[in-house]
Structure formats: C-alpha cells, structure tokens
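Enquirer: Sequence:
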Amino acid sequence: MEASAFLIAGVIVALLAVFTVVRAVRIVPQARARNVERLGRYHRTLKPGLSVVIPYIDRVYPVIDLREQVVSFKPQPVITEDNLVVEIDTVLYFQVTDPRAAFYEIANFLQAVEQLTVTTLRNVVGSMDLEKTLTSRDTINSQLRGVLDEATGKWGLRVNRVEIKAIDPPQSIKDAMQKQMRAERDKRAAILGAEGQRQSQILTAEGDKQAAVLRAEGNRTAEILKAEGQSRAIDEVFQAVHRNDPDPKLLAYQYLQVLPQLAQGSGSTFWVIPSEVTSALQGVSRAFTEALPQSPATRESPSDDGAAQAASDTAQAAEAAAQALADAARANGVPPEGHAA
1 MEASAFLIAG VIVALLAVFT VVRAVRIVPQ ARARNVERLG RYHRTLKPGL SVVIPYIDRV
61 YPVIDLREQV VSFKPQPVIT EDNLVVEIDT VLYFQVTDPR AAFYEIANFL QAVEQLTVTT
121 LRNVVGSMDL EKTLTSRDTI NSQLRGVLDE ATGKWGLRVN RVEIKAIDPP QSIKDAMQKQ
181 MRAERDKRAA ILGAEGQRQS QILTAEGDKQ AAVLRAEGNR TAEILKAEGQ SRAIDEVFQA
241 VHRNDPDPKL LAYQYLQVLP QLAQGSGSTF WVIPSEVTSA LQGVSRAFTE ALPQSPATRE
301 SPSDDGAAQA ASDTAQAAEA AAQALADAAR ANGVPPEGHA A
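Just so it is clear: in the sequence shown, position 201 is 201 by the UniProt record's numbering, and no numbers are missing.
It is possible that some hints are incorrect.
[What the hints assert, rightly or not] DEER-style ranges, computed between Cβ atoms:
1) A31 x L134: 36 to 46 Å
2) A24 x Y93: 36 to 46 Å
3) K179 x L203: 50 to 60 Å
4) A189 x Y93: 40 to 50 Å
[Unchecked claim] Calculated pairs, PhoX-like style, for lysine-lysine (alpha carbon to alpha carbon, straight line, at most 25 Å):
5) K174 x K132
6) K47 x K132
7) K74 x K132
8) K187 x K174
9) K174 x K74
No wet-lab data here; the hints were simulated from the structure. For every residue, glycine included, the Cβ atom is placed at its ideal position computed from N, Cα and C.
Please model the entire structure based on the sequences and the hints provided.
Expert: Structural data, given as structure tokens:
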C-alpha cells in the first residue's frame with residue numbers, strides 16, 4: 001500500500017518536472033519576438049533562438065511578427081474640397097520595429113493603423129478638388145506616409161509605404177468624365193485630320209508650284225531657242241541677200257507685190273498708202289544700196305533692158321496696189337486718205 005503511494009507520488013513529481021522543463025525552455029522563430037513579464041512587470045523580449053525562462057514566475061506572451069506586413073483596407077468614402085464624395089481604396093505597408101512598444105503602447109496596433117489611415121486620408125483629400133485628387137496620387141501617398149510614420153513611431157511601428165489602389169468618383173462624375181474624354185479624343189482626331197489635310201494641300205501646292213516653275217522654265221527656254229532660231233534664219237537670209245547683191249529696184253518691186261495681198265485680207269483693217277510712201281521706198285532702196293556693196297558688173301555696166309523691164313513691173317505693181325487698196329476702202333465703207341503708192 002505504501003509502495004503504491006510512493007509510486008504514484010514519484011510519477012506525479014516526474015510529470016511535474018517534465019512540465020516545468022518544457023515551460024522553462026522557449027524557442028522563438030526567426031524574425032519573431034516574444035515579450036516576457038516577471039511577476040506582472042515587463043522583464044525582457046525574447047529574441048529568435050533558444051531561451052530559458054523561470055516557470056510559474058515568468059509569463060511569455062504570444063509571438064509578434066517583425067516582418068513587413070501588408071494591410072489592405074476597405075474603400076473609404078472621402079469628401080473632396082469641391083464637395084464630391086469619392087471612395088478611396090488604400091494599401092499600407094508597415095513593420096514592427098519595437099515589440100515592447102507595439103505590445104504595451106497600443107492595445108491593437110492594426111486597428112489603430114487602419115483608423116489613423118482613414119482620418120489622415122480624409123484630411124489630405126479634403127484639401128484637394130476632384131481633378132487634383134485624381135491626378136495627384138503620388139502627393140497623397142507621400143503625405144499619408146509622412147503623417148502615419150510620425151504618428152506610429154511611438155507605437156514601435158514603421159510605415160514603409162502607402163499606396164492608393166483606386167479612386168472611385170460618383171457615377172455622374174464618371175459619365176461626365178467619359179463624355180469629356182470622348183470629346184477630347186474627337187477633338188484630337190479632328191485636329192490630326194485637319195493637320196493632315198493641311199499638309200496634303202501644302203504638298204500639292206508645292207508640287208503645282210514646282211510644276212509651274214518647270215513649265216515656265218521650259219517655255220522660256222523654248223521661246224529663247226525659237227528666237228535664236230529666227231534670229232539665225234534672218235541672219236542667214238540677210239547674208240544670202242548680201243552675197244547675191246540684189247537690185248534695190250527688185251526689192252521695191254517685191255514689196256509692192258505684197259501690198260495687194262495685205263489689202264485683200266478678210267479683216268476689217270485696211271492700209272492707206274500716203275504719197276510719202278514712194279519717197280520712203282526710195283529711202284529704203286538707198287539704204288539697201290549703201291549697206292550692200294555692189295559688184296563691179298552691176299555698178300559699171302548696167303543692163304538697159306533689165307532696168308526698163310523693172311521699171312515697167314514696178315509701175316504695174318503700184319497700180320495693182322492702189323487698185324487693191326481702193327477696193328478694200330470701198331468694201332469697208334471708209335474713204336481712202338491720200339492716194340495709193
């Protein structure tokens with residue numbers, strides 16, 4: 001009987017000893033920490049690794065994660081400076097740097113961080129209008145991070161980054177923004193179309209200009225070449241006449257033969273030959289005579305028969321020219337001035 005009692009007592013003592021040893025040895029994982037209280041007061045913080053505490057005297061609290069944590073809060077309604085309600089969804093990146101402060105300075109640091117983020121977000125966005133809010137995400141992020149990092153420092157927390165996930169304006173504002181974007185796109189498309197048309201017209205005008213310049217250059221070159229050809233032809237005719245030593249009477253005779261043809265034209269213009277034309281023809285004959293050197297044969301032994309025949313032909317041509325000019329004057333109903341040469 002006594003042996004059984006001793007055996008039971010020994011087993012109890014052994015179990016108590018094992019339990020005590022188990023409670024005395026604590027293993028903390030990497031990037032974790034545990035706070036220890038001794039007799040109700042903070043004693044120390046257990047670091048990663050194997051640690052020994054006094055059973056039944058030291059109280060070890062749950063593990064605190066020292067790694068960077070990501071917390072996504074639900075969308076919060078925020079009023080902008082122009083009295084529009086927008087819903088903003090935020091993501092917070094923070095890390096526990098002081099396990100003792102995170103445990104003793106704040107009861108629930110996650111809830112505290114969430115509420116602080118909401119209030120800070122409302123203060124920051126409340127000083128901006130909707131357009132600035134939609135286009136100033138980086139500014140909002142930096143202001144939130146600065147305020148949260150300063151406020152959570154005494155809690156043993158460090159806010160590494162704050163990101164705005166989404167800014168959701170009211171539906172009416174969305175519709176207006178979509179209309180504005182469509183109008184902007186249509187405007188840009190119209191501007192691009194007009195610019196393309198303008199460039200096309202400019203290029204077409206430049207092409208027409210260059211073509212006109214080239215045509216003008218070609219016409220000018222053609223006229224120059226034509227004039228040069230006519231000049232050369234006249235020069236060749238003059239040289240031929242000069243080489244053949246023509247008789248001035250023959251030139252006057254040919255001139256008078258052309259006058260009836262001019263007077264018989266179909267136009268309304270007629271020629272009036274005054275009495276001074278004969279003297280003018282004589283001057284022309286003298287000019288040709290002086291300009292063209294006469295051959296000795298012509299100058300020394302003129303043919304009397306040829307001269308008589310030329311004079312007779314000249315008289316006949318003059319009569320024919322006078323008759324043609326008179327007929328032309330009667331046909332036009334205008335009396336002739338002077339007399340035909």
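Enquirer: Evaluate each hint against the coordinates.
Expert: How the hints compare with the structure:
Distance hint for A31 and L134: a CB-CB separation of about 38 Å, consistent with the stated range 36 to 46 Å. Between A24 and Y93 the Cβ separation comes to about 38 Å, which falls inside the hinted range of 36 to 46 Å. The hinted window of 50 to 60 Å between K179 and L203 is violated, with their beta carbons roughly 36 Å apart. At about 42 Å, the beta-carbon gap between A189 and Y93 stays in the expected band of 40 to 50 Å.
With a C-alpha separation of about 15 Å, the suggested pair K174 and K132 falls inside the 25 Å cut-off, and the hint holds. Restraint check for K47 and K132: the C-alpha separation of about 47 Å exceeds 25 Å, so the hint is violated. Among the hinted pairs, K74 with K132 is consistent with the structure: their alpha-carbon atoms are about 22 Å apart, no more than 25 Å. With a C-alpha separation of about 20 Å, the suggested pairing of K187 with K174 holds against the 25 Å cut-off.
Of the pairs offered as hints, the one joining K174 and K74 holds, with about 21 Å between alpha carbons and a cut-off of 25 Å not exceeded.
Of the hints listed earlier, those the structure fails to meet are numbers 3 and 6, in rising order.
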